[in-house]
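Residue numbers (my numbering), protein chains in the order written: chain F, 1 to 169; chain W, 1001 to 1420.
Treat each hint with caution, since some may be false.
Said to hold, decoys possible - Straight-line alpha carbon distances no greater than 25 Å define the calculated DSS-like cross-link-like pairs of lysine-lysine that follow:
(1) Lys-1087/W to Lys-161/F
(2) Lys-1149/W to Lys-161/F
(3) Lys-38/F to Lys-1076/W
(4) Lys-139/F to Lys-1153/W
(5) Lys-1241/W to Lys-1230/W
(6) Lys-1383/W to Lys-25/F
(7) Lys-54/F to Lys-139/F
(8) Lys-1091/W to Lys-1079/W
(9) Lys-1383/W to Lys-38/F
(10) Lys-11/F to Lys-1383/W
(11) Lys-25/F to Lys-1079/W
(12) Lys-1076/W to Lys-25/F
Said to hold, decoys possible - Beyond 10 Å from chain F on every Cβ pair, some chain W residues (computed):
(13) Asp-1228
(14) Glu-1253
(15) Asp-1264
(16) Glu-1266
(17) Glu-1283
(18) Arg-1306
(19) His-1316
As the list claims (entries may be wrong) - Computed spacing ranges between beta-carbons, pair by pair:
(20) Lys-1279/W to Asp-14/F: 48 to 58 Å
(21) Asp-1017/W to Glu-2/F: 31 to 41 Å
(22) Lys-1016/W to Pro-142/F: 16 to 26 Å
(23) Gly-55/F to Glu-1283/W: 41 to 51 Å
(24) Gly-126/F to Lys-1016/W: 25 to 35 Å
(25) Met-1001/W to Asp-47/F: 48 to 58 Å
(26) His-163/F to Asp-1017/W: 28 to 38 Å
(27) Pro-46/F to Asp-1261/W: 44 to 54 Å
Please keep in mind that the hints were generated in silico from the structure rather than gathered at the bench. From the three backbone atoms N, C-alpha and C, an ideal C-beta is built for every residue, glycine too.
Below are the chains, spelled out letter by letter.
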Amino acid sequence: MEMLGPGRAWKFGDDINTDYIIAGKYKLSITDINELSKHAMETIMPDFSRRVRKGDFIVAGRNFGCGSSREQAPLVLKHLGISAVIARSFARIFYRNAINIGLPVIECAESDRIMQGDVLEVDMEGGYVKNLSRKEAYKIRPLPPELREILRNGGLVNYVKAHGRLPWQ
Amino acid sequence: MGKTVSEKILSRASGKDVYAGDIVVAEIDAVMMHDGMAKLVIDAFNEMNGRRVWDPSRVLIVIDHVAPSAYEAFSKVHKLMREFAFKHNVKFREVGSGICHQLMIESGLVSPGSLIVASDSHTCTYGALGAFSTGIGSTETAAVLISGKLWFKVPETIRVIVDGKLPLMVYPKDVILNIVGRVGADGATYKAIEFTGSTVKSMDVEGRLTLTNMAVEMGAKTGIIEPDEKTYAFLGSIGHKADSGFRSDEDAEYSETLKFDVSDLEPQVACPHRVDNVKPISEVEGKEVDQVFIGSCTNGRIYDLRVAAEILKGRHVKRGVRAIIVPASRRVYRQALMEGLIQIFIDSGCAVCNPGCGPCAGAHQGILAPGEVCISTSNRNFKARMGSPEAEIYLASPATAAASAVTGEITDPRRFMREG
Ligand code: SF4
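Model the full structure from these sequences, guided by the hints.
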C-alpha cells in the first residue's frame, strides 16, 4: 500500500466526470463489474479498458470525478487494476468513494508535468510521486490519518472484515 | 466566534463545538438510497455483516431511476430492494411514486437543522429547507445503515447573495445557471454554499429547491438556505410540522462572498457538454431540438409544471419534436391533474410519463440518438448522459423548454408572454 507502481500514466484533462468514467446508461443496465469495466472511459478514450494494464496510473487535472455519486466509477478503475488516480484535485464524493473502496487517490499540484505513458512510482509514506521517465519527483498532499487507515485496510468493507467494526464504532 | 448554519448543524449532530476544517463523527437524522445505487449498498451492507438497520424509521428506499424497469438486470435490483426494505421494515416507495429527493421531502424526513445523507449527489437539494444534506457513496450508505453515523469534514462556506426582482419569465433555474456559470464546475469543491439575499428570501420553497439542487454542479458539499416562515409554511403544507433550525451568526466566517444582481437577468442556457458552459438565451436561440424534457429533481415540481403549462396551453408541440413531461412525484402528478395541467400537456402533444427520474437518469424514457439535441430542465448535460455521446443536451428553465417544444428550436420564453 505504501509504495505503488511502477506503472504507466494514462493522462486525462480537467473535470473528468463520473459519466465519462462510466456512463449512466451502462451503470444502470449492467450490474456485472467485469462487463461494466469494459466501458470505463469509453466516451473520451474508446479503447481504454483494452489498453490499460494492471498497475497503471490515471493522471488528471482539476476536479477529477465530478458529477454523480456512483461508486461504480472508482470501482471500474480499481477493477481494471489502476493502482492510483493522481490529480490536481478531486470532486469530493468521488474522493470519498475511492477511499471507501480502497482505490488510492492522490492530490498532486504538479500532475500536469506528467505525460501520457510516463512510468511512475508513488511513495505514500514519503509523500511524493516519482516520474521515472523524466527523472522528476512531485510532492503529494498527505492524506488525513483516518483515511489512510481505511485505505491501508483496502477500503471500508475490508476494514470491517478485519476489525469487526466500523472505524468510528 | 460566530458560526454558519452548516457549522451549527454539524456541531449539534456531533455533540461538539466545531468549525470549518474539523473532522467530526456525526449522528445521521435520515438516509436514503435509490435503485441506481441500491445493489452496491445492499451488497456492502451484507459484506460488512450488517444484521439490523440502526433505525428503520429514518431510512427511505426509492425505485425511481429505471422505473418501471427496462432491463432484466434492473428488475433483479428492484426485487432485491423490495426484499431488503420489507425485511428491515424501512420506508419504501414503489415504481411510480416519484424521484427520491422529492419523496424524501414529502415523507417528512427532512427538517430544518437535520443532517441527512444519501447515495446520490443531488442530496444537497434538502438544504433549501435548512437541512445539511450531502451525497455519499454506496459503501458509506451501508455504513450509515449499520451505525447511524458517518465522518464529515466541516466545510467552509461560500455565501452567495442574490438580490433584485426577477424579470418576467426569468426563473430560479435561470438564477442558478447564471451562478454555476460564474462559479464554475469546481468553484465550490468541498465547500457549502449558503444562498441568501432578497431574491432568495422572496422565492417560494419550490424555487429554492432548484437552487440548492444544483450546488453540487459547482462541486459543493451542500447548498443551504436559512429556514424562514416560508420554509415552515411549506412543511406545514405537506403535513410536516417543524419550527426548528439554525441561522448563521452575524459574525460567521465565510471563505468567500459572491454577489449577484438578477434584476436584468435574461433566461440562461447551459450548453454542451458542461453545466458551467452557460450563455444567455440570446446567444443560443434558434438551435433546433429533437427532444424536450421537463421534469427531474431540479424542475419537476408543481410550480415548474404550471410554468410549462402556461406556455403550452392552446399550442402544439412542433412536428418532429417529442416533448416528455415527468412529474417529480405522485403528489405533484395528482395536483397537476386537479389543476388541469396534464390535460394541457396531452392536448399539446406531450408524452406524460409516470413520476420518476425519466430521461434524466439516461437509462430509459427518452434516450438520444447520435446527432440529436435535447433541451432539458434537469441538472446535467454531460456527454452521453442521456444516451449517445454524439447527442447534445442543453439545460434551461421549464419556460424555455416549453417554448422550445412549441417552436422546435431553442426559444426565449418571453416571446410567449401572454397579455394581462
Ligand atoms: S432526476 Fe436526475 S438528477 Fe435527480 S435523482 Fe433522478 S437521475 Fe438524479
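Here is what the structure says about each hint:
{"no.": "1", "hint": "Lys-1087/W to Lys-161/F", "verdict": "holds, 23 Å"}
{"no.": "2", "hint": "Lys-1149/W to Lys-161/F", "verdict": "holds, 18 Å"}
{"no.": "3", "hint": "Lys-38/F to Lys-1076/W", "verdict": "holds, 22 Å"}
{"no.": "4", "hint": "Lys-139/F to Lys-1153/W", "verdict": "holds, 23 Å"}
{"no.": "5", "hint": "Lys-1241/W to Lys-1230/W", "verdict": "holds, 13 Å"}
{"no.": "6", "hint": "Lys-1383/W to Lys-25/F", "verdict": "holds, 12 Å"}
{"no.": "7", "hint": "Lys-54/F to Lys-139/F", "verdict": "holds, 24 Å"}
{"no.": "8", "hint": "Lys-1091/W to Lys-1079/W", "verdict": "holds, 15 Å"}
{"no.": "9", "hint": "Lys-1383/W to Lys-38/F", "verdict": "holds, 18 Å"}
{"no.": "10", "hint": "Lys-11/F to Lys-1383/W", "verdict": "holds, 19 Å"}
{"no.": "11", "hint": "Lys-25/F to Lys-1079/W", "verdict": "holds, 20 Å"}
{"no.": "12", "hint": "Lys-1076/W to Lys-25/F", "verdict": "holds, 17 Å"}
{"no.": "13", "hint": "Asp-1228", "verdict": "holds, 28 Å"}
{"no.": "14", "hint": "Glu-1253", "verdict": "holds, 20 Å"}
{"no.": "15", "hint": "Asp-1264", "verdict": "holds, 30 Å"}
{"no.": "16", "hint": "Glu-1266", "verdict": "holds, 25 Å"}
{"no.": "17", "hint": "Glu-1283", "verdict": "holds, 22 Å"}
{"no.": "18", "hint": "Arg-1306", "verdict": "holds, 29 Å"}
{"no.": "19", "hint": "His-1316", "verdict": "holds, 31 Å"}
{"no.": "20", "hint": "Lys-1279/W to Asp-14/F: 48 to 58 Å", "verdict": "violated, 20 Å"}
{"no.": "21", "hint": "Asp-1017/W to Glu-2/F: 31 to 41 Å", "verdict": "holds, 35 Å"}
{"no.": "22", "hint": "Lys-1016/W to Pro-142/F: 16 to 26 Å", "verdict": "holds, 24 Å"}
{"no.": "23", "hint": "Gly-55/F to Glu-1283/W: 41 to 51 Å", "verdict": "holds, 47 Å"}
{"no.": "24", "hint": "Gly-126/F to Lys-1016/W: 25 to 35 Å", "verdict": "holds, 33 Å"}
{"no.": "25", "hint": "Met-1001/W to Asp-47/F: 48 to 58 Å", "verdict": "holds, 54 Å"}
{"no.": "26", "hint": "His-163/F to Asp-1017/W: 28 to 38 Å", "verdict": "holds, 29 Å"}
{"no.": "27", "hint": "Pro-46/F to Asp-1261/W: 44 to 54 Å", "verdict": "holds, 45 Å"}
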